[in-house]
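Here the protein sequences line up with chains U and R, keeping their order.
Mapping of the first sequence onto my numbering: residues 2 to 104, in sequence order.
Mapping of the second sequence onto my numbering: residues 980 to 1492, in sequence order.
Derived from the structure by calculation, the hints contain no laboratory data.
Among the clues, some could well be false.
Per the computed footprint, the stretches of chain R lying under chain U, defined by three or more beta-carbons under 8 Å from a beta-carbon of chain U, are [claimed, not checked]:
(1) 1089 to 1095
(2) 1099 to 1110
Under the rule of at most 25 Å between Cα atoms (straight-line distance), these lysine to aspartate or glutamate pairs were calculated in the DMTMM-like manner [claimed, not checked]:
(3) R:Lys1108 - U:Asp44
(4) U:Lys9 - R:Asp1082
(5) U:Lys65 - R:Asp1082
(6) U:Lys56 - R:Glu1103
(7) R:Lys1067 - U:Glu55
(8) R:Lys1067 - R:Glu1215
(9) U:Lys83 - R:Asp1082
(10) U:Lys9 - R:Asp1128
(11) R:Lys1196 - R:Asp1242
(12) R:Lys1107 - U:Glu47
(13) R:Lys1318 - R:Glu1215
(14) R:Lys1067 - R:Glu1092
(15) R:Lys1144 - R:Glu1048
(16) U:Lys83 - R:Asp1128
(17) R:Lys1107 - U:Asp44
Sample of chain U residues with no beta-carbon within 10 Å of chain R, all distances over it, derived [said to hold, decoys possible]:
(18) Asn5
(19) Gly14
(20) Glu20
(21) Ile23
(22) Cys30
(23) Lys31
(24) Asn32
(25) Glu35
(26) Tyr38
(27) Glu39
(28) Leu40
(29) Ile42
(30) Val45
(31) Ala66
(32) Leu67
(33) Arg73
All values derive from a computational prediction rather than experimental measurement.
Quick reminder that beta carbons are idealized off the backbone N, C-alpha and C, glycines included.
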Amino acid sequence: MTNNIVLKLYITGQTPKSERAIANMQSICKNELEGQYELVIIDVMERPQLAEDEKILATPTLIKALPPPLARVIGDLSDTEKVLVGLNIEPLRKSNKEGRRGK
Amino acid sequence: MSAKKNSSQISKLETGIAGFDFVAGGGLPKGRTTLLAGTAGSSKTVFAAEFLGQGILKFKENGVFVTFEESPADICRNMKSLGWDIEKWVNEGKFAFVDASPDPGNQSVTAGEWDLGALIARIEHAVKKVNAKRVAMDSLGAIFTQFSDGAMVRQELFRVGSALKGMNVTSLLTAERTAEYGEISRFGVEEFVADNVIILRNALEHEKRRRTLEILKFRGCSHQKGEYPFTILPGEGIVVIPLSAMELQQKSSDIRITSGNADLDRMCGGGFFRDSIILVSGATGNGKTLMATEFIAGGVKNGERCLLLAFEESREQLIRNATGWGFDYEQMEREGKLKFVCEYPETAGLEDHLIKIRSEIDSFKPNRLVVDSLSALERVSSIKGFREFVIGLTSFIKHGEVAGLFTATTPSLMGGTSITETHISTITDSIILLRYVEMYGEMRRGLTVLKMRGSMHDKDIREYTIDGTGMHIGKPFRDITGIISGSPTRIQQGELGRISELFEEEKEKVESK
Chain U
2 MTNNIVLKLY
12 ITGQTPKSER
22 AIANMQSICK
32 NELEGQYELV
42 IIDVMERPQL
52 AEDEKILATP
62 TLIKALPPPL
72 ARVIGDLSDT
82 EKVLVGLNIE
92 PLRKSNKEGR
102 RGK
Chain R
980 MSAKKNSSQI
990 SKLETGIAGF
1000 DFVAGGGLPK
1010 GRTTLLAGTA
1020 GSSKTVFAAE
1030 FLGQGILKFK
1040 ENGVFVTFEE
1050 SPADICRNMK
1060 SLGWDIEKWV
1070 NEGKFAFVDA
1080 SPDPGNQSVT
1090 AGEWDLGALI
1100 ARIEHAVKKV
1110 NAKRVAMDSL
1120 GAIFTQFSDG
1130 AMVRQELFRV
1140 GSALKGMNVT
1150 SLLTAERTAE
1160 YGEISRFGVE
1170 EFVADNVIIL
1180 RNALEHEKRR
1190 RTLEILKFRG
1200 CSHQKGEYPF
1210 TILPGEGIVV
1220 IPLSAMELQQ
1230 KSSDIRITSG
1240 NADLDRMCGG
1250 GFFRDSIILV
1260 SGATGNGKTL
1270 MATEFIAGGV
1280 KNGERCLLLA
1290 FEESREQLIR
1300 NATGWGFDYE
1310 QMEREGKLKF
1320 VCEYPETAGL
1330 EDHLIKIRSE
1340 IDSFKPNRLV
1350 VDSLSALERV
1360 SSIKGFREFV
1370 IGLTSFIKHG
1380 EVAGLFTATT
1390 PSLMGGTSIT
1400 ETHISTITDS
1410 IILLRYVEMY
1420 GEMRRGLTVL
1430 KMRGSMHDKD
1440 IREYTIDGTG
1450 MHIGKPFRDI
1460 TGIISGSPTR
1470 IQQGELGRIS
1480 ELFEEEKEKV
1490 ESK
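Next comes chain U alone, as it looks inside the complex (with noise of 0.2 Å):
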């Protein structure tokens, strides 16, 4: 396996949402991941145009650019369960997450 997960996530200066945005991202990389991703921090401050292209209104926002559909989800990520829905990624560790499957 390959690091064929590109993921981005466009935030706005040094804020609390968006230190709680990356940290999110952190921990739900290491744990629902597991190190077959690629993560990229875009402060949308200091490079707008890419949010222009990517027609970026809210902050964060995490974008899923690999492999596709592209996906987003807006937020802090402090839901776990709804960024994965929201990316459309199967959780790797499927035997501890049975129970989110049903919804």
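For this one, chain U is given, so just place chain R on it according to the hints.
Just chain R, lined up with the frame of chain U:
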């Protein structure tokens, strides 16, 4: 700093939208946000886009368009029909889009707290990129449909509003309304984004759509109150018609011009005034168009330029009629002294007619203007709209020192007043009545100058005849009474003195009205 700004005079930013700046007392409050609310189809987007377009065209002020609804490509396409090439401006770095339109393939899931920080950063980026002085956002309601949490959107829009103030731009935000007369906007956005509110309406009145604009409030600045009609012209955009705000300041001329008929000139004490409005009222077929024709011919003879707006007859019919009375319209047209504009009144709303007439006047620069007939125009409008049209037209032609002759058709053959007359008699300077007089089983014609502002005039009701050389005004009817009221009665010679006095009184009454 903001407190200091508030206490000092708020300056206005000229928008460049025709007529709007006048109504707005100079333009939009500078450096502030203004909410533009309107129902679907009230041309909010056009107004917003034109606000930016005029900035680029007239004031070298660049603009940023934030769109929540239509895609930039759609907006460019729609505005092309008004003659604006937004794509070119974008390439020249004068115009920038912030595309926040919904993307159907791009649904997002919300997981936790968020804000519109990215949007603000993008607007800021765009404003810096093109050095914008103007920002338009269209429309705020659409952003509520993109996010499920309405309270969050409200709070965030408030942040956007204050961020805009910090960017040193004048901004115009649009919002939907659900009814023409009701709450200011859906979602109550006016409460948290704008100090200033403009309402666009597209109301249905007597089966006609009538667009109006109203400035509801400009916090801390003056503006005209009430609704003002506006229209959208291809190649020009929005044109607001500041009718009731027009000032009565036209100069008054005491230079006389000929009516084209020596007898009538004599009755009017030497001719019409050069900048006066003359209303000719009469039943069908008793010489209104002839009087208008003589008025034109008289002008052309003195080297004046005449514009004839015909709403009942075509150019060919007019030429044929004139030929029948011995006037050569075609020759006048060839000399460039006469221009015909023939149209059915139904082809456009009165606002559009008014603007068209104005541009004709601007380009042809006539000394005389004839509208034949004004009653035809009345058919296509409400009473209020018609009155405003006449006020707009008269004030415009008076500014240009153009003499105007309007005809009005009375509904009955004998006597009576036309509706047109009732509504506009106070606006006109002179009124000439043409009436049929039934005598001994014969239809004869009588004419009187009912009113002539600022001048003595003949008070007689005179008989006139029409033949192949025009109108000939003869002697007064001395032994007939009741012509104006439509029931002519022959009276004994001995009673004449008394009756003629009565006549005077009657006429004075009408005049003072």
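Against the 25 Å threshold, does the CA-CA distance of Lys1067 of chain R and Glu55 of chain U hold or violate the hint? 23 Å, holds
Checking a non-interface call: every C-beta of chain R should be farther than 10 Å from the C-beta of Asn32 of chain U. Is that right? Non-interface label stands for Asn32 of chain U: nearest chain R Cβ at 15 Å, farther than 10 Å.
Test the statement that Leu67 of chain U is away from the interface with chain R: the closest C-beta pair must be farther apart than 10 Å. 16 Å, holds
Least C-beta distance from Leu40 of chain U to chain R larger than 10 Å: 16 Å, holds
Looking at Asn5 of chain U again, its CB stays over 10 Å from all of chain R? Holds, because the least Cβ-Cβ distance between Asn5 of chain U and chain R comes to about 21 Å, which exceeds 10 Å.
Mind verifying the non-interface call on Ala66 of chain U? Its CB should be farther than 10 Å from each CB in chain R. 13 Å, holds
For the pair supplied as a hint, Lys65 of chain U and Asp1082 of chain R, is the alpha-carbon distance within the 25 Å limit? Holds, at about 16 Å.
Confirm or reject: Gly14 of chain U is not an interface residue toward chain R, with every Cβ-Cβ distance exceeding 10 Å. Gly14 of chain U not clear of chain R: closest Cβ-Cβ about 7 Å, inside 10 Å.
Verify this for me: three or more residues of the segment 1099 to 1110 of chain R with a beta carbon less than 8 Å from a beta carbon of chain U. Result for this restraint: holds, n = 6.
If I take the minimum Cβ distance from Lys31 of chain U to any residue of chain R, is it greater than 10 Å? 17 Å, holds
Verify that the Cβ of Ile42 of chain U lies farther than 10 Å from every Cβ atom of chain R, and report whether the claim holds or is violated. Ile42 of chain U is indeed farther than 10 Å from all Cβ atoms of chain R, at 14 Å.
Pair hint outcome, Lys1318 of chain R versus Glu1215 of chain R [Cα-Cα no greater than 25 Å]: 23 Å, holds
Hints 11, 14, 19, 30, 33, counting from the list given before, are not met by this structure.
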